[in-house]
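Chains as they are written, first to last, in this note's numbering: chain A, 1 to 256; chain B, 1 to 256; chain C, 1 to 256; chain D, 1 to 256; chain E, 1 to 256; chain F, 1 to 256.
Take the hints with a grain of salt, since some may be wrong.
Chain copies aren't distinguished; within one or between two, either way the pair holds.
[As the list claims (entries may be wrong)] With a straight-line Cα cutoff of 20 angstroms, these simulated EDC-like cross-link-like pairs (lysine to aspartate or glutamate) come out:
#1 K146 to D188
#2 K146 to D195
#3 K255 to D212
#4 K150 to D198
#5 K146 to D198
#6 K19 to D256
#7 K182 to D13
#8 K106 to E15
#9 K255 to E189
#10 K182 to E15
#11 K106 to D252
#12 K237 to E174
#13 K105 to D13
No lab work stands behind these hints, which were simulated from the structure alone.
Protein chains: 6
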Amino acid sequence: MATQWLQEKSWLDVEEYLKKDDRIIIPVGSTEQHGCFAALGTDTYVASTLAEDASDKTGVLVTPPVWYGWSPHHLARPGTVSVRAEVLIELLSDMIESLASHGFKKFVVINGHRIVNISWMQIAAERAQRENQVKVAIFDPAFMSKEISKELGFGPIGHAEEIEISHMLYRYPELVDIEKAKDNPKKDEPLYHLDPHDPRDTLCYVPATMEDMLGTYEATGDTVGGCPTQSSADKGKKYHDHVVGRLVQVLDMLKD
Amino acid sequence: MATQWLQEKSWLDVEEYLKKDDRIIIPVGSTEQHGCFAALGTDTYVASTLAEDASDKTGVLVTPPVWYGWSPHHLARPGTVSVRAEVLIELLSDMIESLASHGFKKFVVINGHRIVNISWMQIAAERAQRENQVKVAIFDPAFMSKEISKELGFGPIGHAEEIEISHMLYRYPELVDIEKAKDNPKKDEPLYHLDPHDPRDTLCYVPATMEDMLGTYEATGDTVGGCPTQSSADKGKKYHDHVVGRLVQVLDMLKD
Amino acid sequence: MATQWLQEKSWLDVEEYLKKDDRIIIPVGSTEQHGCFAALGTDTYVASTLAEDASDKTGVLVTPPVWYGWSPHHLARPGTVSVRAEVLIELLSDMIESLASHGFKKFVVINGHRIVNISWMQIAAERAQRENQVKVAIFDPAFMSKEISKELGFGPIGHAEEIEISHMLYRYPELVDIEKAKDNPKKDEPLYHLDPHDPRDTLCYVPATMEDMLGTYEATGDTVGGCPTQSSADKGKKYHDHVVGRLVQVLDMLKD
Amino acid sequence: MATQWLQEKSWLDVEEYLKKDDRIIIPVGSTEQHGCFAALGTDTYVASTLAEDASDKTGVLVTPPVWYGWSPHHLARPGTVSVRAEVLIELLSDMIESLASHGFKKFVVINGHRIVNISWMQIAAERAQRENQVKVAIFDPAFMSKEISKELGFGPIGHAEEIEISHMLYRYPELVDIEKAKDNPKKDEPLYHLDPHDPRDTLCYVPATMEDMLGTYEATGDTVGGCPTQSSADKGKKYHDHVVGRLVQVLDMLKD
Amino acid sequence: MATQWLQEKSWLDVEEYLKKDDRIIIPVGSTEQHGCFAALGTDTYVASTLAEDASDKTGVLVTPPVWYGWSPHHLARPGTVSVRAEVLIELLSDMIESLASHGFKKFVVINGHRIVNISWMQIAAERAQRENQVKVAIFDPAFMSKEISKELGFGPIGHAEEIEISHMLYRYPELVDIEKAKDNPKKDEPLYHLDPHDPRDTLCYVPATMEDMLGTYEATGDTVGGCPTQSSADKGKKYHDHVVGRLVQVLDMLKD
Amino acid sequence: MATQWLQEKSWLDVEEYLKKDDRIIIPVGSTEQHGCFAALGTDTYVASTLAEDASDKTGVLVTPPVWYGWSPHHLARPGTVSVRAEVLIELLSDMIESLASHGFKKFVVINGHRIVNISWMQIAAERAQRENQVKVAIFDPAFMSKEISKELGFGPIGHAEEIEISHMLYRYPELVDIEKAKDNPKKDEPLYHLDPHDPRDTLCYVPATMEDMLGTYEATGDTVGGCPTQSSADKGKKYHDHVVGRLVQVLDMLKD
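Let's have the full structure, built from the sequences with the hints guiding it.
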């Protein structure tokens, strides 16, 4: 089955769809630097490709992607577009309210931008659920690959590291120029571990300041946190299949 | 030359680009009903395809499209997503502010959603220009085809009429099922003429109420304003080439 | 019949009025520079005088004028007061909501400030119609004089040009010191024609930046766009009568 | 000397004015019910007539009046227009910011709407002073007539009572139909005394609810709090002269 | 009876309480400089201690205190925390809306921060009453001690003066280091008298600018307006008992 | 050393403090139902007691607690006060901005309300860091007890479960009526595990809807998620000491 992109349908198609299903997927990413070797759109591609494959398997509709996220800390490199979290809350709320008015009742918001986007999505999701009597699930690949990540030998989640680069190499190899990648292994900071696998005590995530970001960049000149050179399309495939499987599972759970 | 989509570039590519150019195109559309025979994404496809061809000819960068516009009056048909004008003002402002911080100085916002989106774009553009010392041009195909439209024998601008459907038939024929189209010629209202060609006195545009929309739909069951059956890919090509030519002309003007 | 100004009525008068009519006129203007020879209040006087004469002929109530508009680009000359478009949206929304709560159902907002005010009025009008189940028409003299303007030999719409100055000379001659006026004919810009009569392709209006405004001023020292010296009270009378006629026509249409 | 209304000046006049003075008066009122016998615009007329006479005596510029205030509790009678306090804060802030950008440094905001408008004016005034390095004085006739009121034998401040009606009878007798007035003496409430003369302990003012208002109206059918039948143009003149004197005194204080 | 602090209760206790009472007290203060000899929390302690004693006598529930108020003019001394009035309006509105949803119907907001907090409280109280069908009373000690103040020989209300310091000496002597206090008697300003006892004509309160504050500080180096050295725990007790008595009286009035 | 509560200090004390330290702790909790046997203020008590003990050991200043959090899902039981996340973002931003203006540079926000408050704190913290050039750490006991929790045999984090109740039994035994507690063990939901220790794949947290909450309550009539009967003051002490230790460690890290 082909991906069920909402933008390719007519209203009549949607009317038909709503007679038998009330689920819809909203892919949200970002347009932000991902190292000198990977595409600015990486986070949105990640969200979209997961949505596409899960849609293929389930027939669930997918809205056009939200290409812009909250990326204040990545403005240090050109091409990054950051929208305030406060604005994104309103944007997602309006999207869900519109679709809820037509009868959609279960929303899976896929977050390709990891921990940064989660905060504002939670606020939007709560409001949307309360005001529209719908169910909103926030599906984040980083939280849905805790189990597979160790198996694949991935290091901790950073930025443009082997996890998302492997994923991109599998799905969009033309958007990665791996030859240019240099590793910048994440230093272990005391009491600050962002990876959801990490069993140690930790402070909560706060987006880095511009100063901190520039400090991080000094080491390599690039803007990586992790080891992209250890990426492979093969690991990317295993990761992708696992996360798509999880997404299908969530969609199935929402069906009932 | 291929389209210069920002999302496919790395920050390093953008850094290189900014050494020789400071222009960027932002395509904005909508996801809203376009009759039972045409894609909900029509307005965004229209904005994107113009951006692509002008980018091919000039090498100017294009941001990922904004798929969502202000469409309160089209919520009467499923699949339509409407974001409040007040939210879209903030979204576009943040996008321009982000890119201005990197050195982009000239922005062409392509509006695929016609007169509805113009109001909030004007408010965002004024703020963006004032706060970021940049130039923002709002490029609307309806206002850039005043000269060609008469030549092609198009009727007045409506919704899902022969103008945008011809354009879609030329560029995205797979997203139009023209067999299903029925005409609903726009009735001539006294003192209310939205077509920018119309030389007669007129009230200003206000988006229709849901009641008015439903009244309009009664005639045909569909949600068309105009004569889509008179569309043709051939007219679409002439229209497209004219508007792309105008877009290239605007980009050239901004260069200096 | 005398003008039916709301501010001169008691609530009892309004209660009586609502038994037989549900229309009301809201004149909105600006307080902004109009050349060294014309009053800062020109736009509000224009809106008010049209409202007054239409009220005389129809008995329709008129609210007190909104003296302040969106004029960021005119702050370059002292005395100009600019209120953010975002604030004016809320102001007009509250005004209509208040009056709708009493039974007013049809609102004609007269815009004396031309294309600048239209954007925010559209956003307010849409919200007001949707939330209060009323009808809001935006009546702009520039769009209601497309037919007469050519006849009178007026040049394109600019600022403090022969159109509004003729109007003022007819209605408020004491507020124009025509001896001080100097012409500054609008230069024909490629692909940017604000006059709604103009049949050529055009970009959409965006308020000028302060830099652009100051550039425009250099030529004459004054802040005019057009040829005020070609104004006459006689032309102003013809223009006024035409536009008042249109306003009466709109009020009549709303009656039914 | 005639009233120096800003709206009647050109920018050149204002430029000249700013060479010798940096004070400006902003009259703010309301459009709200004032009993079945007095004009809805009473509060704005009150503010404007004080401004006019003080301007005559001092030559200080006066902006066009703000005709709309915060009147949620008066919506119970038709013709009342209430703008949210939150919106009025933004409106006044923008007005002062605009004028401050031209060199105005001292603002006297005249409040014709008494205690209701004071709250939002304080918030706007504080912001305006802090952000624009100007001085903003809030001049309220009720607080500037504490000394004269007892002398004139006025009862406590209410609504459409002998204080404002005497004032109107003196300045705008054509806007009062005193024959229709009925008294509704304010009942003495325990621990709630709004009159600033009142020496007794009191709760702070909160605008009445619609229910409370309707309760108040039951007694007479009208919407009065106080004794309008005891008004006289003569007392109005004494009151007016006293308050104008105070306003001139404040303007003089600000000069230095 | 002990103070009925909400934070010490379980939801079951509140459920029981609501079966017999629907009143609740909300103490609001500030965290702002009160001279070099008194605690930054003075205003919140004042509001809380009044609430506690009235709760003891009536059994009425008390919410946890709001420790932060609107104090832009006191930021000139360290430790002061100022929250924008616009934010505090939303905060108090949400608090009342939450409690109203459970059945609380009468709210007494105690303002320990005097005239500064009243403005935003009025706006929040009006909205809360209108949207939740509740009664909100604003209880300010300065307005509830007009009668006792003269008796106790207190001077005019200022800042950290003998009124609030006497009160603190009686209730929280450990939070005042009276040895360090120096007097800075309030100068009598023409036409600007903030004390609600003052029978003279006056402008309305606007929070001082930073410049004005720093000017005031120059005299003594400290930040006092008034004569703290004339404070005494004995006067504080009489003041406290009077105001608690008034609070009990208000609570009793609301009962019926 | 005693706790260094800001509200008990004078501005002079703070001035002295800032000569040698620039750190400050902000305890934030909630007022929300915690079962029929525990205090509504539990989350704020938890944040405050951790702050107090860390202050005792380090001398770091502590601001007065923010007693209100984002608790829309707990409004189902009386006494709960929920403030919108959007409002809390502004509140915390203003608090940090005020203190930063005096020279505070390192802020530790203690979150007693667990995962719900984290979202808005992240948005506020990012803004505060960017606009004020300060460092803001978000310290959440749940994330700082991942290591000790297993050791103590605690079950997963829920609501009013053995973790927070043990903590309360140790520090505020008078605020827990453990006799009334009934267990309601958290059911294991597929792909939704909120406990940060949980190594399994999971959806992200979204506050429950009122319907879901009421469903959860049906089982026991109370509003518990977990096993409060297994709480003990002894375990609470070990937990408390561990988390206080972590807080001291974070404060030490920030010193340098």
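Quick rundown of the hints versus the structure:
1. K146 to D188: Both: 19 angstroms inside a chain and 17 angstroms across chains, each within 20 angstroms.
2. K146 to D195: Classified as both; 9 angstroms inside a copy, 13 angstroms across copies.
3. K255 to D212: between (44 angstroms within a copy, 17 angstroms between copies)
4. K150 to D198: Both, since 11 angstroms and 14 angstroms are each at most 20 angstroms.
5. K146 to D198: Answer is both: 10 angstroms inside a copy and 10 angstroms across each meet the 20 angstroms cutoff.
6. K19 to D256: within (15 angstroms within a copy, 40 angstroms between copies)
7. K182 to D13: The answer is between: 17 angstroms across copies meets 20 angstroms, while 47 angstroms in one copy does not.
8. K106 to E15: within (16 angstroms within a copy, 34 angstroms between copies)
9. K255 to E189: Between copies only: 16 angstroms across, 42 angstroms inside.
10. K182 to E15: Cα proximity of K182 and E15: across copies only (18 angstroms, versus 50 angstroms in one copy).
11. K106 to D252: Answer is within; shortest intra-copy Cα gap is 11 angstroms, inter-copy 46 angstroms.
12. K237 to E174: Answer is within; shortest intra-copy Cα gap is 16 angstroms, inter-copy 30 angstroms.
13. K105 to D13: Within. Shortest intra-copy distance 17 angstroms satisfies the 20 angstroms Cα cut-off; inter-copy 37 angstroms does not.
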